[in-house]
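Asker: Fit chain B to the given chain A structure using the hints.
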Amino acid sequence: MSETTAKVRKSLARRYRQEKRFQAYGILSIGVGLLALLILFTDIIGKGHSAFFEHYIQLEISLDRDVLGVDDASDDEQLNYANFGGVIKEALRERFPGVDDRQQQRQLYALVSSGASYNLRDELKADPSLLGGTRNLWLLADDDVDLYLKTPEKKRPEARLGDQQKQWIEDLEAAGDTEKRFNASFFSHGDSREPELAGIGSAIVGSFFTMIVTLCLSFPIGVAAAIYLEEFAPRNKFTDFIEVNINNLAAVPSIIFGLLGLAIFINLFGLPRSVPLLGGLVLTLMTLPTIIITSRAAIKTVPPSVREGALALGASKMQVVLHHVLPLALPGMLTGSIIGMAQALGETAPLLLIGMVAFIVDIPGGPTDPATVLPVQIYLWADSPEQSFVAMTSAAIMVLLAFLITMNTLAVVLRKRLERRW
Amino acid sequence: MDTARELDNRNRADDDAAKPLIDVEERSMQDTPYPEKTVGKPFVDAPKMKLRHVNVFYADNQAIHDVSLDIGKNEVISLIGPSGCGKSTFLRSLNRMNDTIDICRVKGELHLDDQDLYDPKLDVVELRARVGMVFQKPNPFPKSIYDNVAYGPRLHGLADKKYDLDEIVENSLRSAGLWNEVKDRLHSSGTGLSGGQQQRLCIARTIAVSPEVVLMDEPCSALDPIATAKIEELIDELSESYTIAIVTHSMQQAARVSHRTAYFHLGRLIEVNDTETVFTKPEHELTEAYITGRFG
Numbered sequence: 065m066s067e068t069t070a071k072v073r074k075s076l077a078r079r080y081r082q083e084k085r086f087q088a089y090g091i092l093s094i095g096v097g098l099l100a101l102l103i104l105f106t107d108i109i110g111k112g113h114s115a116f117f118e119h120y121i122q123l124e125i126s127l128d129r130d131v132l133g134v135d136d137a138s139d140d141e142q143l144n145y146a147n148f149g150g151v152i153k154e155a156l157r158e159r160f161p162g163v164d165d166r167q168q169q170r171q172l173y174a175l176v177s178s179g180a181s182y183n184l185r186d187e188l189k190a191d192p193s194l195l196g197g198t199r200n201l202w203l204l205a206d207d208d209v210d211l212y213l214k215t216p217e218k219k220r221p222e223a224r225l226g227d228q229q230k231q232w233i234e235d236l237e238a239a240g241d242t243e244k245r246f247n248a249s250f251f252s253h254g255d256s257r258e259p260e261l262a263g264i265g266s267a268i269v270g271s272f273f274t275m276i277v278t279l280c281l282s283f284p285i286g287v288a289a290a291i292y293l294e295e296f297a298p299r300n301k302f303t304d305f306i307e308v309n310i311n312n313l314a315a316v317p318s319i320i321f322g323l324l325g326l327a328i329f330i331n332l333f334g335l336p337r338s339v340p341l342l343g344g345l346v347l348t349l350m351t352l353p354t355i356i357i358t359s360r361a362a363i364k365t366v367p368p369s370v371r372e373g374a375l376a377l378g379a380s381k382m383q384v385v386l387h388h389v390l391p392l393a394l395p396g397m398l399t400g401s402i403i404g405m406a407q408a409l410g411e412t413a414p415l416l417l418i419g420m421v422a423f424i425v426d427i428p429g430g431p432t433d434p435a436t437v438l439p440v441q442i443y444l445w446a447d448s449p450e451q452s453f454v455a456m457t458s459a460a461i462m463v464l465l466a467f468l469i470t471m472n473t474l475a476v477v478l479r480k481r482l483e484r485r486w
Numbered sequence: 193m194d195t196a197r198e199l200d201n202r203n204r205a206d207d208d209a210a211k212p213l214i215d216v217e218e219r220s221m222q223d224t225p226y227p228e229k230t231v232g233k234p235f236v237d238a239p240k241m242k243l244r245h246v247n248v249f250y251a252d253n254q255a256i257h258d259v260s261l262d263i264g265k266n267e268v269i270s271l272i273g274p275s276g277c278g279k280s281t282f283l284r285s286l287n288r289m290n291d292t293i294d295i296c297r298v299k300g301e302l303h304l305d306d307q308d309l310y311d312p313k314l315d316v317v318e319l320r321a322r323v324g325m326v327f328q329k330p331n332p333f334p335k336s337i338y339d340n341v342a343y344g345p346r347l348h349g350l351a352d353k354k355y356d357l358d359e360i361v362e363n364s365l366r367s368a369g370l371w372n373e374v375k376d377r378l379h380s381s382g383t384g385l386s387g388g389q390q391q392r393l394c395i396a397r398t399i400a401v402s403p404e405v406v407l408m409d410e411p412c413s414a415l416d417p418i419a420t421a422k423i424e425e426l427i428d429e430l431s432e433s434y435t436i437a438i439v440t441h442s443m444q445q446a447a448r449v450s451h452r453t454a455y456f457h458l459g460r461l462i463e464v465n466d467t468e469t470v471f472t473k474p475e476h477e478l479t480e481a482y483i484t485g486r487f488g
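For the record, the sequence lines run as chains A and B.
According to the working numbering, the first sequence is numbered sequentially starting from 65.
According to the working numbering, the second sequence is numbered sequentially starting from 193.
Quick caveat, the hints were computed from the structure, so don't treat them as lab data.
Careful, some of the hints might be misleading.
Computed list of lysine-lysine pairs in DSBU-like fashion (alpha-carbon distance at most 30 angstroms, straight line) [to be verified]:
hint, chain 1, residue 1, chain 2, residue 2
1, A, K381, B, K329
2, A, K381, B, K473
3, B, K335, A, K480
4, B, K313, A, K381
5, B, K335, A, K364
6, A, K364, A, K301
7, B, K242, B, K329
Chain A extracted, bound-state conformation (with noise of 0.2 angstroms):
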């Protein structure tokens, strides 16, 4: 063995065991990445997971018409007046007898929700044959209850109820008057004061109109924007200049751009707050920066090679740019943008400025109505006092991620599915 080969064998090991060391390190911070991930991730569906479903108690509840003020069924005027409080009172009293003092008859009021009215009234209104009669019917349950009973056995004695209303609801349990749904409304009714009625449906719609008008403004300014810097304008300062800025604006902390829509949008043209538009237009501003910078990317990967034989067939400029460059370009600015409207989704900060931090119970029927979004209703219930909008936050938090996640693995799916060869 020459001297060589031995001073190489040595340094070889070495090498190697360098390798090895940097490949160590990548995994590493790959599997600090991960853990991070699945901390987060069995956090929020631990917490979350339990709001999905909500519980309903069963009651014997007479319809009775002179109790509920309703001589026709049919008629949706009087339906809106009824008293359907009174017969579900009734419904507790007849379930609990001997319930007789004030505050008692208050704690044993407060097992269903304020909302099992409405489940009555459309129960009603579904089959006006069943006034008069006397019906077994399930009922929203109060939060707290819906909480306890969600609660698992050891912790009970800890739950924030009274010592009378833990044992009427373990009696209903007993009975199995006591069942657990999945929870529709969650996703359908809008924000409430009442955790069990309190739903994510008008933040999400809310979300979609203010997506919908940050995409159809940003993706053709910005692509506008890029294909201009890139194929037409001159190399001079100027162009520098607006370059540099461009990717200032990128860095611009997003609460900046929340006081410029308060400042410009509602200031000085008076457009309405709360509103999707308004806040489609300030999440506009800040997509932009990130649509023109990756668009410009995806159209600097066009080969020039590809121009130039256009060019050299005799295409006008605007014509290689259709033809050619924007077709090829157009996978990466997708890509691009839609990272960018994932941004945007999930954006909090500059929409809290200029009123969408609103309580908006009603869904929002177009991008004019006030509205919250997604990111916002977490905010705004995880500042609620009421311990069932701990759970309410996360599931609000696990939509939200899935959303993300969808609109993220879209970006790739696309860009894998229309990446071409030259």
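Answerer: Same frame as chain A, but now just chain B:
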């Protein structure tokens, strides 16, 4: 530059005794004076392209110095010379592809028949329909073979009916010697062809708009010998209907395909002669040095 080369030579001298001898000779070639004007036969009767006193600048750098040359009708002229001598730049100024480079300026009189190429009133789109170009690297569009060939005719509205377009596509592919290979897969991607087929597709694409002149910028440098042979054969056939100017690095190729050969050296046109003369009895020392392989 020179110092760097000398240093390099000194290093090389240790392990390669033959090398310095050549370098010495090369250095002496650098001192050979450029001819006052191009030697040989730069001009022909009734030229297709008449180019006089062409100067091309990249910003303040002059890439082409006072080149005057005629390109005859149905002639194949090859432009040869060492790397960086400006032959591609010169070729690209013939269909104004240099317009795409901001800092590039072209001066001189360039005429295609009677048309001034750099007439501000001339539409460059029209010019490029008359003077087509094939590039070094095959650059088919990422579209179907059919669409690649049909792109130019569609652009210029050469065919009104689908039937006419089909005919143009078929004829162009036949002329490019590609028809038999691709007729069953006209609608599969042009980028899926082999390198040589891609280049012939690019030639078909170029001749689909029936240009008068076809410029070829090292069309075979990215191809293997068999594909190269096919292209060379094709150039020979095309010369019956088109005027062709071809830039090439391969002197054998120049010798095989062209009628006349122009030798460029550092932005100057040194010699233009019948191909046979250039390769057997070059008139200028620099030409001789280049074709005998003493530098380049």
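Asker: Please verify whether B/K313 and A/K381 have alpha carbons no more than 30 angstroms apart.
Answerer: 18 angstroms, holds
Asker: Next pair to validate is B/K335 with A/K364; report whether the Cα-Cα distance is within 30 angstroms.
Answerer: 19 angstroms, holds
Asker: Taken at face value, is the distance from the CA of B/K329 to the CA of B/K242 at most 30 angstroms?
Answerer: Roughly 28 angstroms separates the two Cα atoms, so the pair holds.
Asker: When you check the alpha-carbon spacing of B/K335 and A/K480, does it fall within 30 angstroms?
Answerer: Roughly 18 angstroms separates the two Cα atoms, so the pair holds.
Asker: Could you grab the alpha-carbon distance between A/K381 and B/K329 and see if it respects the 30 angstroms cut-off?
Answerer: The given pair, whose Cα atoms are some 21 angstroms apart, holds under the 30 angstroms limit.
Asker: Holds or violated: A/K364 with A/K301, Cα cutoff 30 angstroms?
Answerer: Satisfied, since the Cα-Cα distance of roughly 20 angstroms is no more than 30 angstroms.
Asker: A/K381 and B/K473: Cα distance at most 30 angstroms?
Answerer: 46 angstroms, violated
Comparing the model with each numbered hint stated earlier shows that hint 2 is the single one that does not hold.
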